[in-house]
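Starting from the given sequences, assemble the full structure and let the hints guide the process.
Line by line, the protein sequences are chains A and B.
Under this note's numbering, the first sequence has 113 at position 113, and the numbering climbs by one with no breaks.
Each number in this note's numbering comes from the position in the second sequence (counting from 1) with 219 added on.
It is worth saying that the hints were derived from the structure and are not from the lab.
Even for Gly, the Cβ is constructed at its ideal location relative to N, Cα and C.
Each hint should be verified, as a subset may be incorrect.
What the hints assert, rightly or not - Label-pair restraints from in silico Cβ distances:
(1) Gly121(A) <-> Pro275(B): 42 to 48 angstroms
(2) Gly47(A) <-> Val421(B): 49 to 55 angstroms
(3) Gly69(A) <-> Tyr268(B): 18 to 24 angstroms
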Amino acid sequence: MAKIRIGVVSPMAIASDAVNAAFAELWPEAEVINLLDESLYADFAGGKQVTEETYRRVAALLQYSQDSGAQGIVFTGSVFGRTVEAGRENLSVPVLTSHEAMIEAAFDCGSRFGILTTAAGSLRCLADDIERYAQANGLTYTITDHIEDAARPVILAGDIERHDQMVADAAAKMTDCDCLLLGQFSMDQAAKKFADVPGRPVLTPPRTAVEKLKRLLAG
Amino acid sequence: MAPIRIGVLSPVDVAFPAVKNAFAELWPEAQTVCLLDESLYADFVNSDYTVDPQLPEEAYARIADLFRYSRKTGADGIIFCGSVFGALVEAGREGLDIPVLTSFEGMIEAAFAEGPRLGIVTSADSSLRCLSDDVDRYAQARDLDYTIVSEIADGAFQKVVAGDRDGADQMIVDAAASVTECDSLMLGQFSMGSAVGKIAKVPGRPVLTAPQGAVEKLKRLLDG
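This is the structure we're talking about:
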């Protein structure tokens with residue numbers, strides 16, 4: 001049987017690395033084909049606005065990935081959630097935004113969400129995505145959040161070990177929730193250092209995206 | 220003034236650092252924007268790293284799509300880094316109104332400017348064939364005569380993959396030492412950039428690399 005091909009469409013290489021690692025661990029039989037386009041970040045992130053052109057580019061990338069044989073797609077840029085939701089409308093294969101599988105898994109756990117990020121922008125993105133999802137599905141929820149912003153310069157300087165420890169320490173304080181969501185792809189490895197809190201599963205975008213695609217496509 | 224934007228297209232991500240380094244050194248004012256598509260390798264490259272001489276229509280459609288996409292995102296020029304796809308790139312760029320370079324043609328042009336006796340060092344037989352084919356198409360299109368002397372640093376690529384960069388560089392340096400009867404020496408892989416500085420200088424035999432040749436040519440075309 002031919003392998004199931006998954007298109008991983010990303011605006012930056014660090015996000016696709018995290019997804020590739022999650023596939024290797026959770027669904028190694030899938031064939032992962034990366035499509036990376038740095039123009040999205042260059043033109044529409046870091047204080048610049050998302051425009052009609054952003055929608056066109058994201059739609060074109062998703063279409064290209066499907067045309068080149070992808071049977072399912074995950075888009076890893078968390079600031080582009082809305083553009084992905086619009087761009088996938090004309091496609092015939094399942095396309096996940098970076099957050100939606102995690103959000104779906106979170107509502108399965110309960111309605112009291114903890115969110116941990118290392119940047120305010122990421123928290124806003126995730127909170128927006130949760131709000132759209134809840135409104136579309138008629139759900140209510142509460143959010144407790146924490147921004148461990150001191151960890152951001154640490155990982156940008158390359159000290160992953162210390163970044164992961166800071167994130168783990170912050171996570172240890174967020175126990176009064178039904179599940180803990182990590183807001184960035186780059187936090188995935190840090191989750192391995194978290195102390196186990198019974199009744200509070202830790203959800204990350206790459207792992208939940210892989211699990212959802214596997215459920216949809218590999219039965 | 221907005222910087223000149225160069226689309227760096229590649230079927231594998233290992234090519235990006237070499238190209239970005241060449242831009243940082245030779246043309247830091249240009250803005251490089253990478254576009255990676257792994258489907259080309261998955262679907263059109265054989266297990267021995269060769270491609271069929273007659274690729275399916277689908278391959279041409281994809282590469283033309285990628286070029287158009289890069290053009291639409293504002294690229295003023297494009298370099299495509301997959302050295303096995305030279306002929307495909309030459310076909311796919313037709314009709315595009317910006318310069319699109321194959322991985323080797325900037326270097327090949329620089330080599331012919333030095334003289335017709337071409338030296339080549341690669342670390343695999345398949346790369347030597349890719350480059351020789353590209354040289355031949357270039358020469359036939361311009362009615363140029365040339366000779367090739369070549370050496371394969373057999374096993375150097377495996378050393379790179381295994382993380383032994385110094386060992387690989389030494390093999391390339393040794394191979395380069397035996398290719399001296401030529402007007403220039405071309406290195407056949409993007410991954411060979413770190414060996415350049417270690418190759419013993421031979422007067423009258425400049426060492427040429429693919430990323431450097433490409434950046435210099437694009438700069439000449441776009442930055443006048």
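#### Entry: List of violated hint numbers, smallest to largest
As far as the earlier hints go, not one is violated by this structure.
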